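Engineer: In case you want the letters, here they are:
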Amino acid sequence: MTPTPLSVTVDEGTRVAIKHQGIGSSPVRPDGTLKVRGEFAYASDLWMEDMLCGVTLRSPHPYARIRSIDIGEALATPGVYAVLTHEDVPGQNRYGLEHADQPVLAEDVVRYQGEPVAVVAADHPEIARRAAGKITVDYEVLHPLTDARAALEPSAPRLHDGGNLVRHLKIRKGDHDPQPEADAVVVGEYSVGMQDQAFLGPESGLAVPSGDGGVELHVATQWLHADQKQICTALGLPPEMVRLTLSGVGGAFGGREDLSMHIHACLLARHTGNPVKMVYNREESFFGHVHRHPATMRYEHGVKRDGTIVYVRAELWLDGGAYASTTNAVTGNAGTMGIGPYVVPNVHLDCYGVYTNNPPCGAMRGFGAVQAAFAYESQLDKIADELGLDPVEVRCRNAMEQGSEAPTGQTVDSPAPVAELLRRLQAMPLPPEPATPGPVDLRDLPGGVSNTTHGEGVVRGIGYAVGYKNVGFSEGFDDYSTARVRLEVVGGEPTATVHTAAAEVGQGLITVEQQICRTELGVERVVVHPKDTRVGSGGSTSASRQTYVTGGAVRAACRKVRDRVLGVVQQRLGRTHADLRLDGGKVVSDAYGVLADLADVLRGEAFEETVEWRHRPTQPVDPETGQGFAHVQYAYSAHRAVVDVDVDLGLIKVVELACVQDVGKAINPQAVTGQIEGGTAQGLGLAVMEEIVVENGKIMNPSFTDYLIPTILDMPPMRIEVLEYPDPHAPYGLRGVGEPPTISSGPAVLQAIRAATGRWLTRVPVRPEHIIETGFGTASHRGQEGRVEHG
Amino acid sequence: MRVTCTVNGERQQADDVREGESLLYVLRERMGLPGSKNACEQGECGSCTVYLDGAPVCACLVAAGQAQGRDVVTVEGLTEGEDLDPVQEAFVEAGAVQCGFCTPGLVVATHDLLRRRRRPDDTEVREALAGNLCRCTGYEKILDAVRLAADRAADRVAG
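So the sequence lines, in the order shown, correspond to chains A and B. When the first sequence is numbered by the numbering used here, its final residue is 791 and no position is left out of the sequence of numbers. When the second sequence is numbered by the numbering used here, its final residue is 159 and no position is left out of the sequence of numbers.
For the record, the hints were derived by calculation from the structure and aren't laboratory data. The structure displayed is predicted, hence computed values, not measured ones. It cannot be assumed that every hint is accurate.
[Stated by the list, open to error] Reference excerpt, derived from the structure (chain A facing chain B, CB under 10 Å, subset only):
no.	residue
1	Glu39
2	Gly388
3	Gly506
[To be verified] Footprint (simulated), chain A over chain B, 3 or more residues, beta carbon under 8 Å:
no.	segment
4	34-45
5	91-99
6	128-136
7	140-148
[As the list claims (entries may be wrong)] Some residues of chain B that are not near chain A, with every Cβ distance over 10 Å (derived):
no.	residue
8	Ala14
9	Arg28
10	Asp71
11	Glu76
12	Asp151
Just so you know, even glycine gets a beta-carbon here, dropped at the ideal spot from N, CA and C.
The whole structure should be built from the sequences, with the hints applied where relevant.
Structural biologist: Printed below as a string of structure tokens:
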């Protein structure tokens, strides 16, 4: 066979451009320009002619019986178009991600402060708010159940028909009573406060009635299809009459996995026949979404003299609040990853997810693994201290590695460089000691320009921590994503269009989708179709899963398109080539070079393929032992924190955070470090400032004045090392990135504070009074190796 | 009430403004300028930062009536036609934009900082941007963006 003469050559510029914007590169994100110009349409920016404004009336009581609701006066208010209660919910008045246990609008009982009772639509937000204030609800106030452990007592009131236990996860591995083998036993109790996702873009959406009696909802969310399903059930409509489109999302972090205003806006729009927009303000946002489960945890580690862990016994209580949300899965995660990325032959662990009358809790970045990490990493530090060993050394001695058996009994079947992460951290240079004596810059000290110290009483401490997280949905969930990819010539240029329903919430998924199309199809121009329910589910933007699962789906769809295109090429050439690929806008054979211009091959035809892609299946764990192939992939990160503490005033300044994380393959290195930095900040926040303070079931601080998130002054400079050990089971070898840094940064900060103060702190967030209060905790002066006094 | 002011160089008028409405509300809901963002509406997050007579303010804390007869510049007004301001350009390039909800406020605050200080050091940048919350980035790439914008501006002056 004579080779075909080369009619075209590779345009080197195009090839290089594609390579520089494909996977492994950091191209400019396609929505970046709109965002810096202020022209990106977030859900709260949507506007339509004749649009009404919807507001929600919420229960002021954490637990109460509703005797009656009178909407008469509200409805008579000029400018008010509708006032709706549970009686106006046409379908099932229940929704929920895992269990449909939450009323769309309360019926006879409210189970948390802030539970929606009625909704109002009016032509101005202030008119709607005032009308909502005129609704009279007659409550019989009940005594709220606010303690997760007490909720499991037989005498506790039953908040739901099935009782107050959402889930009890048990891990039973090895010998259940192995204490004689241990040289020392280390016991600790820890607690974690309720953290808020605090995404900046408030809950918002615009519901537009459609001509067919259905509704179009433009909304900021994490999972369009899960929303659609729950809305359909509540409205009693089939999916084809409830169409969702993702509008601009101002951050999510788990807080948009559950519904907020979705059904309410759809109800109002269908009732009034007008478009209805609902936007929460910051205060309402604190009541309008689920939070991170507060946790109390008791751990007992039996160890040998050299630091080897012989057994772990642990109990964890997670307060799920009034409704289930994702408590089932959070409990599963906290339990199955409850002892950390360590190899322990004997594990006896109980993790309880519980209903109370506290605010409902569900998904937040790290999803159960965050709470457990504070406990198990504290235990590792306590072990090191008791045995006089180096904390990094103790961790490395017990570290999980490829081939290890996880507490679920599953074999860790891809790289698990836990010890390497820690050793690399330890090898990193430390930030310089503050110059002493001499003038100091107040801005570098705890308290900053408040002028609370000039260095006196300031002590430095160092802490290490490692954490891990399952990537993707676990325990047998059918975790898939759908991608539609079309390749055609647009304006003379081969152009790919990628259509998924996977939510872009800021993390950069749309950039990754473009990168994958460029790499797989050898084209420069990739259009990202708006995210909507006109294509199959993309699954949730959570569990660090979208690059893996939607990325996998996009890659698979691209490859199907490519194979068809190459089939056409071979048909035209009249022969088969085993080595064809699409590169630089050309069809290229390794043996013969460029065979055709892609645009010529495509001609007027569009090649389109839709693929539903799944990662390998996982299994439910055994309900009595917690054993099973529960998790498809683990992701690991480790942090070193350096903090300065003013021990007289209890003020903390985090001086530096260093992080090493294995990401398998950095599909977009800039986005990877962006996730590490942002995730680290949220872990820092939980360690030292972020807590929704709940008293008797009521939120005491629903504002950014009283709920503090890290500012640019609170967040220190970071050192980051990214490792790329490919996971052979994952697309491109990649590992999920977003959550691990939120897991390991907080425990590192906590331990650094302990090292600085000598106080065995057992609760996060750490507050000034925990540091200066005499006799707090055990008040022993442990872990002072890292302590360096200066001032 | 009627509010008349100059916004991004153009005379704007809003009618039927209610007493409780903020400048932010009027910009977003009555003047078609939703670029300034509504993340907290109590002056804690800085997402609604605009220039009022040349000084950066939280538009949510300015009563609409207080803007009467004054000069307002929003993030939409920093762009000249299609060309981005160097601060905007640097935010995109440095990866300082994730969800982007804080971005308009940070762009205006950075723009103001670099007008006052051509080459601020990191400590000065942190102090100047301490009123702007970002939940996505951990601020590292925002610092990168400010340094990049300052470098570019300095190059232009030098060039």
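Engineer: In ascending order, which of the hints set out earlier in this document are inconsistent with the structure?
Structural biologist: Structure breaks hints 2, 9 and 11.
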